[in-house]
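Chain order of the listed sequences is A and B. Quick note: the working numbering has the first sequence finishing at residue 441, numbered continuously throughout. Quick note: the working numbering has the second sequence finishing at residue 432, numbered continuously throughout.
Read the hints as simulated data drawn from the structure, not as lab findings. There is no bait here: all hints are sound.
For the chain A half of the interface with chain B, some residues (derived, Cβ under 8 Å), not all of them:
hint, residue
1, A130
2, W308
3, G309
4, S351
5, Y409
6, L437
7, Q440
Here are a few chain B residues that face chain A, going by a calculated C-beta distance under 7 Å:
hint, residue
8, V107
9, S108
10, A109
11, L302
12, P303
13, G304
14, H334
15, E392
16, F393
17, L416
Heads up, the beta-carbon is just placed ideally off N, CA and C, and yes, glycines get one too.
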Amino acid sequence: MRKFVPPLLVTAISIATSGCFEVEQQDAKVIINKNPYPSTYQPLPQQKTLITNATLLTGTGERIDEADVLFVDGKITQVGKALVADDATKIDAQGKWVTPGIIDVHSHLGVYPSPSVESHADGNEMTNPVTAQVWAEHSVWPQDPGFQAARAGGITTLQILPGSGNLIGGRGVTLRNVPSESVQGMKFPDAPYGMKMACGENPKRVYGGRKVAPSTRMGNMAGYREAWIKASEYKREWEKYNAEYEAGKNPTPPKRDLALDTLSGVIDGEILVHNHCYKAEEMTQMIDLGKEFNYHSGTFHHAIEAYKIADLLADNGNCAAMWPDWWGFKMEAYDMVQENVAIVNAVKNSCAVVHSDSDTTIQRLNQEASKVLFRGQESGFDIKEEDAIRWITANAAKSLGLSDKTGSLEAGKNADVVIWNGNPFSVYAKAEQVFVDGAKVYDRFDEKYQAKSDFLLGQK
Amino acid sequence: MKLFKSSLLAMALTSITSVAHAQSVAISNATIYTSTSQGVLTNATLVVDNGKITSINPATVSADITIDAQGKVLTPGFIGTMNTLGLVEVSAVAGSRDASEKKADMTFDPSMAFNPLSTAIAYARKGGITTNVVVPQGGESIFKGQAFVVNLTGNMDSVIGNQTALLVSLGAKKEGSRAFDLQELFNKFDDAQQALNKAKTKADKNKEDSDKEPKRDEKIINAVLAGTMPLLAEADRASDLLALIKLKQKFGLDVIIAGGADAVLVAKELSEAKIPVLIDAMRNLPGSFDSLHTSLESAAMLTKAGVKVVLSAGGAHNLYQLRFDAGNAVSNGLSKEQAINAVTKNVADVFNLASGSIAVGKNADLVLWSGDPFEFSSKVEKMWIDGEEQSTQSRHDKLRDRYMTKSTMPKAYTK
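Could you put together the complete structure from these sequences and hints?
In structure tokens, the structure reads:
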């Protein structure tokens, strides 16, 4: 028998679960808002567009010569030859190449912007080795001129990550590369969150230097494990709370913990792990760590030694995001090989990604992929342009959990498209027009489509 | 002639085996980018003997070995600048770093620390780099020390020149005012000039040379004052560049600017003052308030204004990318020949090197490319330093081969 009318929110649940049993008086159910800073992104003005006679690299592993792409209301509707759409804006792309919008899975634009002044160094909350409670989106400066420079290089989607000073650095955010006054105005709608972790030298150097844990790699591992133990307990407490509430009881909700919200989100599979991790033995341990705590170890970033464990990465479903040639800046970056990406890519069911981690090379991820393509070919790998484009489009989309939305030229996908003046794997190639959700956001020959940061406006 | 101890190197040297210096080499049917007023020569033949280029398109070719270039591009070896190659093996490993020293001042000459066995050297050869101007990172002083020149043979005698230039670092500071540094710089030369004048007056009066030996730092400043050692000045902001023009004019120095992010704003003045500029072709973001005007077109704009431009990139490890930087400079306005000059002849002009162009009498530092030297799709087919063929194999290739070799035993057994 109910003595009080329960609050509106839970009425339905209470009635449904109470049946004819006597239930306690229930307080309002505590439900954590998982999206408190929702995307307000709106595509720029869209046009029905037909690009004709281009060499297409679809991102699905195909190259189609003299082919067309049609997009309508922000979606790709047709890819093929001799398409007809009378009322569409037509772009004759004879001699040009067309690819999906380029995706960078690892950027610090906005959190370490240009100019690199102390006032804007907001990418690394190095006050505790585990800061899963911080969200990169709360640091992004949307006026970073680097966003425009990246757009001129065909970048349509990018993940902004916290830095690698901490074992667990916080949440990343995936953005549409469009100008906006707010970060919310750039957030990729319905993109899963990422969570940054870091192996190896950085965290142990940052904290070891202060004589606090971790100061060793074993200290690193202990730090992650302690965090995941807490997260597992936190998750159980919430599950218990939810179950008891469902059963008509009036349990006390667990004390909210921002860091553990994020970590338990990873265990729930809602938040994807992005792990700065260079070395073979560390990636191998991080894979086991994921198994120990029932989450997937995600994408390994800067995976310099991925080539040593390429089979394991493919078997376990890990993407590896790599540079083509960075090396030597740290001991963990000493064993670089120029064929790293090609070796990872050659394994069945692999997910090789080329990333930038740089405000400079993000402007030319096509060139970064090109280095791998040709060094790989020289070493006997059977790879072509239509394969290499996947490292900066479809595979990157997979790493970010966006495969259903972007990363390829296929009917139904978001119309994220780049028109290049020629083969994008040439050093002389340039993006001429860039589209995000079917809206032109950049045109090399039309100043109307060249955005400029507030910061640069009026500087003499 | 050095004998190669490494079997890998020996294997790679298929055309020249054991007596390179004694043997003359002719490269025929090449497309030669001379980096001289001769421009590009097609179907050309070049003869190398005793480490030097001895003839171009001779009436009759006589050489111990002839290589048919099959029309491929032959360029002077590319020349790196403004990096710490051979001074740093792993940047974050203190024991492998010799580019900086807290107490370093203008007397700091890091050439003695150069390690010809650094793995970064063979790697840099993959980019067709044959010569490099290494710079110190110095310490607290605005004077960072002295640049020196190396070849990329990896041989123990790689250092081919030291005291090449005095490096000074100017502009934005973490603390304090840039004006203080500029004053220090001007005062240094002013004081030295006055001391020299005084010594001269005294000597004239006594009709004999002053027996007072200048101190080590005074000797360096005097060499810069005499124009025998260039002043290599790192600066970005236009106002700093104008101050350097003044410095040059006041004391008659040989000034080279490195960085030069906002040089485009004073391109005419730099051109008139005949000050060359070393820039990073890929630097196009406003990284600081000193560099709000740098762009991918900077190299082309400066060249157009008549400034001698050198393309350079820092670090110790990825010098091999210089050719791609040059390619990007071409897609942003430089001509191909200008871009090749910017990594060969211009560097040699600025630092007085005996390489950097394909002309009789020059060092035989040459690269034969499989295609366009600036393209990702091309690679170094053959390269020579002082007429000796070089391998482009590095430790990285050994690692790759190990992990691409199938074996039932652990990889550690694959060598």
